[in-house]
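Read top to bottom, the protein sequences are chains A, B, C and D.
Number 210 in full-length UniProt numbering belongs to position 210 of the first sequence; there are no gaps in the numbering.
Number 369 in full-length UniProt numbering belongs to position 369 of the second sequence; there are no gaps in the numbering.
Number 131 in full-length UniProt numbering belongs to position 131 of the third sequence; there are no gaps in the numbering.
Number 246 in full-length UniProt numbering belongs to position 246 of the fourth sequence; there are no gaps in the numbering.
Calculated directly from the structure, the hints in this document are not laboratory data.
Take the hints with a grain of salt, since some may be wrong.
Claimed, not checked - Listed below are several chain A residues computed to face chain D (Cβ distance under 10 Å; list not exhaustive):
{"#": "1", "residue": "Ala246"}
{"#": "2", "residue": "Gly247"}
{"#": "3", "residue": "Glu370"}
{"#": "4", "residue": "Gln380"}
We put the beta carbon where it would ideally sit given N, CA and C, even for glycine.
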Amino acid sequence: MKFRTALAALATACALASPVAAQDLLRIRLNADIRSTDPGVNRDGNTDGIHWHIVEGLVALRDDATVAPMLAERVDVSPDGLTYTFPLRAGIRFHNGQPLTAGDVAFAMQRYMRREVNWRCRADLDSAVTRLVAVETPDDRTVAMRLEKPSALFLTILARPDCGQAGIWHRDSLNADGSWRAPIGTGPFRLGEWRRGQFVELTRFADYAALPGEPTGLVGNKAPLVERVRFTIIPDEAAARAALLAGNIDILPDARSRDLPELRARPGFTVHSSPSMDLQAVLMQTRDPLLQDVRMRRAIALALDVPELVRAVSEGGSRPSRSPIPPASGFNTPAMLDVPARDLAQARRLAQEAGYRGQKLRIITTRRWEAFYEIAVVVQDMLKEAGIESELEVLEWATQLDRYSRGDYQMMAFGFSARLDPSLSYEMFTGPKATQPRKAWDNPAVQALLDQTMAETDANRRRATFEAMHARLLEEVPIIALYSSTTNGVTPRHVQGYRSWAVDAPRAWGVRISR
Amino acid sequence: MSLLEVAGLRIAAGARDIVRDLSFSVAEGETLALVGESGSGKSATARAVIGLLPPGLRHAGGRIALAGQDLSALPPATLRALRGPGMGMVFQEPMTSLNPAQRIGAQMAEGLALHTTLDAAARKRACIAMLERVGITDPERRLLAYPHEFSGGMRQRIMLASVMLLRPRLLIADEPTTALDTLTQAEVLALMKELAREQGSSILLITHDLGLVSRHADRALVMQSGQAVEEGPAAPLLAAPRHAYTRALVAALPRRGPARVIPPAPPLIEARSLSVAYPGRGGWFRRAAPMPAVQSVSLSIHPGEVVALVGGSGSGKTTLGRAMLRLLPASGGSLLFGGQDVTARSGPALLDFRLACQIVFQDPYSSLDPRMRVRDIVAEPLRLPAGMAPADRLARAEAMLAEVGLAGLGDRFPHALSGGQRQRVAIARALVRNPAFVVADEAVSALDATVRQQVIALLRDQQRKRGFACLFVTHDLGVVEEIADRVVVMQHGRIVEEGPRDQVLDAPAHDYTRALLAASVRLQG
Amino acid sequence: MALYVLKRLLAAIPTLLLVAASVFFLMRLIPGDPALLILGDAATPESVADLRAAMGLDRSLPVQFGLWLSQVAAGDLGLSITSGEAVGPLILDRFGVTAAIVLAAVAIAALVAVPAGMLAAWRQGSWGDIAAVSLATLLLSIPSFWLGLILLLVFGLKLGWVPVVGYVTFAEDAWAALGYIALPVATLALVEIGVLIRMARASTIEVLRLDYIAHARAKGVPEHRVLLRHAFPNAFAPTLTLLGLVLGNLLGGIAVIETVFTLPGLGRLLVEAIFARDYPVIQGVMLFIALVYVGVNLVVDLLYPVFDPRVAAS
Amino acid sequence: MKRLRLNLVIGGTLMGAVLALAVLALAWTPYDPVRTNLRRRLRPPSAEYWLGTDEFGRDVASRLMAGAVTSLGVAAATVLVALAIGIAIGLASGFLRGWVDRVLGAVNDTLLAFPGILLALGLLAVIGPSRSGIVLALGLAYAPTVARVVRGSVLSIREREFVEASRALGNSEGYTLLRHVLPHTAAPVIVLATSLFGWVILSESALSFLGLGVPPPAATWGNMLASARPFMAEAPLLSIAPGALIAMCLLGVNLLGDALRDLLDPRDGA
């Protein structure tokens, strides 16, 4: 079959690309270069994915996005919920051989909290909901942090990958002038060579103090099983796939969903699918003269055949869900999973009542993220069947993001990156438009509920509140949640122990090469 | 036995023959002139002889033999070996006949390298000698110069040098001096003859100028539209032309007209120590010094008189002509029209001056807007002064066209007219508004002899009839004889001599004038 | 000579300033905020404000422009606000890729097209001529990036002769590097060949009409020499100007080709910088491109007299 | 002469074909060119879908036809814009000379120093990607080229004697410019316009390729080509078909351009 030969060809192609191919080298595809080596500061998804191999925080996420101790032995929360005490695990060393002390933790935390450092999550730890007021070191092995008032989010913030897991690094990671040099962490791998635009290479940390048990999320047993890990930068999808098939990379962490059928069919390759915790959705501007009428918004929602849409866009890889809380989350409940059926007649009637007279709705989308674009195209198509006219406004990503943050849109196909706490899953689109125009859902009552969930630490009570909010969301439809995308990692036979997970960047620990 | 034998030559452009059944011969050391007007096929004949017909023309029949060798039968290599030593060619246009990208030394030596066994040093010596011979000063250094560093006359000398260097047995000279001004013309031709005599070369001289023929040719062959109409020894042929066409040609030679007496009157237009300078080319930063072209010239022209302004190229005569019409700004002095100073006038204030003055340019090809019909061209001047109905304008235009002998050609576009007809259109345009003053800038220089004769006649008649004053800018003293009342001679931007025609022509006071007269060729009876 | 060059460079300053200013303010007109792009959908007004401050984007535009200019005057193009790399080296690095490809392509194109065009002109109207002209016109009509895609499809995917993605510098591995630039170079070369053949042919035809060619022949100069010594230099002068133009445009404008072949070139750097609103990079690249443009033209003007002594540079 | 006629015939036929396609598309296409059907993505050519379907299950043949309309329309409009601006500038700087010429020249150089695509990129980002946006952006991007050509021919024409003659007649500068200079710039401008037409079609596709072309779902050959790129291996026809059409159209334009050039060549004119 021609196509096979084609790929074989590409294979040889990429053989040229990466001459090195040894037993002890694990090669992982990276779709774009990383921003920096400074955890949680100058970052993006790719960058976090590299950092979590190098640095670790006091706590980290499990596969289901719940929080577990990492550098900390355990976490003791005072009855008033204001003081968190982290006894440090014994025998942990930095890459430079220095033992981990409470002082190191305090030093790192203080840098994070300094404004000029621009730590991604400084604001989160200095907000009305969660305010960190002190980091103390009662003794060399213990760290205590105090909050202004109880917060359900505090530990999650410390664990969030996009916060660099509040990673703890040795003070020699900084230059004399306090600027960032390179990470000296406690993680299973140390930073090897970073050749901009080509690859980032990590080397095994021999003295890594692994936790017992199985690896889960960013905790558990993270023992490094290969000498070196090279993240090879291959922007082009087709090329990446070919590189995998040619054996020039050992892990393709993010295969295109439309390639899956073909890859599944192929012997000697394994596809690791895992629902991620992001959210693909359609936003509606509730201040728009036409869309401010809830009936119009309902009409639009009813006009969409969500399962069909999701099936089409994700090639059947993801399950439709009208809840912003991802199915993979421990907080997702059966009630959130059932998807209201499409009803064109009803949609037409509601639109009528709302005074819709065939005006063209404008749906903003971009080609930067194919999913956004495909969603928009399909939505336009399905609305048409309900007699609702619309046109696409395909913008460059930067422009769409700008319009989003200014709330300057009528409808928009949009995706939210993974939020690892259900409260955040709502917070990301709920809030007062006056102060935060990007927020889609401006409803004081709902805001109140949301604040509750943030202060409430009991899981079950939180679930109840979220179900209530979900019901309201379906009534008021400020956004139409569609699905959480699926991460599809693909590995050849000789790679063992790899697993995709909720956050789409790969994890190299626990992975073994056996030929 | 004769060096060149041409028998039954036929040259075709596509299906059309431009030379038909032409036969002639050139004897050793003889100079044969091919005479004819443009389109007679004389140049094509010359090119055919050396086997370099331009693309589109082909040698369609007949025999060309050099020293008994049929050239058309020769393989290319052998033919090439003949070019240079066998026959050399001097072209008309000195500006394009030397390779601008090559030092003249290289260009001259090239032929020697190809056709002789001389070594580089010897070649260089030969070139220097030859340059010296054609009168190039400091030849050693000049060898390294590029063509653009020489004047037209100089280039033609160099051209001649590089051809004669190979001692060709036959020298083909295609209108060798037409592009040069009178003075240089004479010098170059004389030089050519000398060299040919020294080397015993024969010359095939292609020209439209009977004067040259009478002065330089042993025999002449008159061609008309591709055919020989008359052949014979030059002098008798010109003295007693048998064929009608030849007679026409001879008749077209300038004859001096009767002297007129112009009734005294205050000058119509008057230049007072007028100077014109061309601005130097400026950049963002520097601005080059202006180059003076006319230097404080005073000249007054009276109503109804025809003043000839003569001089070699670069004498500033054209510039002065333009300046007298305010087509060029004066850099000094003043211009008076009807006693009023118009030097500084512009816009509407200038209009009445413009209405009263007109110009006829040298080149009828570029002086008529190719995208306008002849009628509209002639009608255009009547837009001003406003007030004339379009219909009337066109009527006037038609009438004017009829007057200049172009009745019924109003619908044509310029490119559909012959050179002479175009010049008539230009004249019609100039006169349709009955100007008081007309500048004729080399108005007939671009025309063939017979046509030139007719156009001059037209101009003269119109002038007599309408009585406008006329400044006739020309390098051709023949024309002066025909119509000038007064002659003004310019050199280096200054007037060197001025006076009634006969006085200036018969008793020139200034050397430059004498030189001009000596150079301007007339029939030698 | 040196003085002339200096003058020319000085004369270019207004243009460069105009470019700098227009780029600077044009980019600021464009919606989209680098800080927002870096922080993504989770950005809060506060975090954006902080980041903007850190990037120095909170100052007023004129101030920013002034600062940037003085910086540039000091020879420092600043740091990329997305990657933190120094813009100067970054540009040179990427330019290396682009230059390698463009120069190779134009060189090849010239070497093929100029002789071809001249021969076509020499035998004007012959079948060879018609073939050459038709080929040129055809090449001229093929979208470069499409041609690239097709070549990629055939030689990369189907035949597998050359790699489809990636790039290594010649320094690293000359042989591999050759493999990587083969297709892009071929693509560009083919397109330019189309342009150049036509140009070379046209100007040669003009030259062959002139008397000095006849003069050379009349001296018995053999044809090959007529073409080489007499026709070529004069016919090449105008082609040279065009070459300069082509070069200037390509050096700045092969973003599309670089995208097709995923090459880390200047064009892609620019486009990506635009998408990322990486102002320092955009400004730097644009200024650099303008400078290259000026430089190329200068070189052409310096070379011109070699072929046409009538135009002496200084 | 032979080649001229050949150019005219072939060029005419090609362009004629493309135009016919566009005209037909206005009246009829096999399927709705923007109607997606996600159940039949990337279908190979068949009796049902002559050229198969694209990644949204849209009928490629229909999109090619619709694309002809958009591509040609955009190109034509852009050329008009470029000509309007370019001619105005060119006339002004060529005829008035002096400081006007200096200033306009400097601006022109600046614009020419921009890669046209980039200029368009910038302008587009400001104007927002829309048909009119692209027309305006590309129009502005190409205006300098027009200006340069016009200026060039004006400079040469103004030296011709019939312009001087017109002055000698007392005609105003303006009249002379319009009556005697402007008409003569027509020939070069027409020739340029044909090449422009080609370049614009190219640039539009290039812009689409960089994600800034005529916004989808409206079909242009450019954005079809662009969105086909990821499926080059699976569905090569998706890339080949629109590219081939562009090439065909350009070939037609170029040949016509040559024919025009020969027709309007002053050497044959006089």
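Please name the hints from earlier in the document that this structure breaks, with their numbers sorted from lowest to highest.
Those not satisfied are hints 1, 2.
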